[in-house]
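Visitor: So you can see what is in the structure, the chains are spelled out below.
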Amino acid sequence: MISQYLFYFLSFVSVMSALMVVFSKNPVYSVLFLILTFFSIAGHYFLLNAQFLGMVHIIVYAGAIMVLFLYVIMMLNLNKEDEPGTTTMSKIAATISGGILMLVLVAATRSVHGMESPVADSSQIGSIENLGKVLFAENGFLLPFEISSILFLASMVGAVFLSKKEIR
Amino acid sequence: MELIPGISTEHYIFLSVVLFCIGAFGVMYRKNAIIVFMCIELMLNAVNLLLVAFSRQWNGADAQVFVFFVMAVAAAEVAVGLAILMMIYRNTGTTDINVLNKLKG
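These protein sequence lines are chains P and U, in that order. Take the first sequence: its position 167, counting from 1, is numbered 167 in my numbering, and each next residue is one higher. Take the second sequence: its position 65, counting from 1, is numbered 65 in my numbering, and each next residue is one higher.
If we strip away everything but chain P, and leave its shape as in the complex, we get (with noise of 0.2 Å):
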């Protein structure tokens, strides 16, 4: 009964604070919520018995990636709070549009069947041991684990080559 709970509260604090991400007029607020969408997040895959993949999300997203946020922010000296260019015709539209693409994901998730319980007990998958097993198994992901490290290398080449002064 507590999970229930947990659960609509994590839920409401998730969207809320996602909401909150698109409507604060300053930037820094803004990733502040996401940092808050993040530990909710973190908080539902504990909920989901995904326990080192919640700590990696956290290590991960609040960790690093928002921090590297904060900091571009703050670097650019971008806290102020106008925002040229936009009108309401364009505004109207975009609600307009989110709506929409709402409506159509909920009425076509709706009708799936089979989803009302998990199919076994589950507690052992999100575990390390497990899951550097599936990892590194014989058919296992070991050649899309070696392209990710040379994506991390291009990227780190392409961030450095990028943020240079002059490029000739």
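Since the hints were made in silico from the structure, they are not lab data. Take these hints with a grain of salt, some might be off.
BS3-like cross-link-like pairs, simulated, lysine-lysine; straight-line CA separation at most 30 Å [unchecked claim]:
id, chain 1, residue 1, chain 2, residue 2
1, U, K31, U, K102
2, P, K165, U, K102
3, P, K91, U, K102
Let chain P serve as the given structure and place chain U on it in line with the hints.
Guide: Structure of chain U alone, referenced to chain P:
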């Protein structure tokens, strides 16, 4: 650790849909490029949450491995995207995406 019963996967599908739509709405609603980036992160997280919920539903760990790769791609995307954003700010003095219409015919 004991399995926590009670919450059906339908609830998680609905929550993920709501979070994804908030992210997509924010991309269309805001004109500040850095907040557009944050809304993209929000959409990625909604998809991650859905993957983990299905991982519990079907008792398989493959979806959680996919979440790792989504996180890796998100980290690389943020690093390159913020570098591009700093270049835009250095060249135009603003991060408004309305100034980025030079390719418009």
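Visitor: Hint by hint, note whether the structure agrees.
Guide: Hint check results:
1. U:K31 to U:K102: holds (16 Å)
2. P:K165 to U:K102: holds (22 Å)
3. P:K91 to U:K102: Measuring from Cα to Cα gives roughly 23 Å; hence the hint holds.
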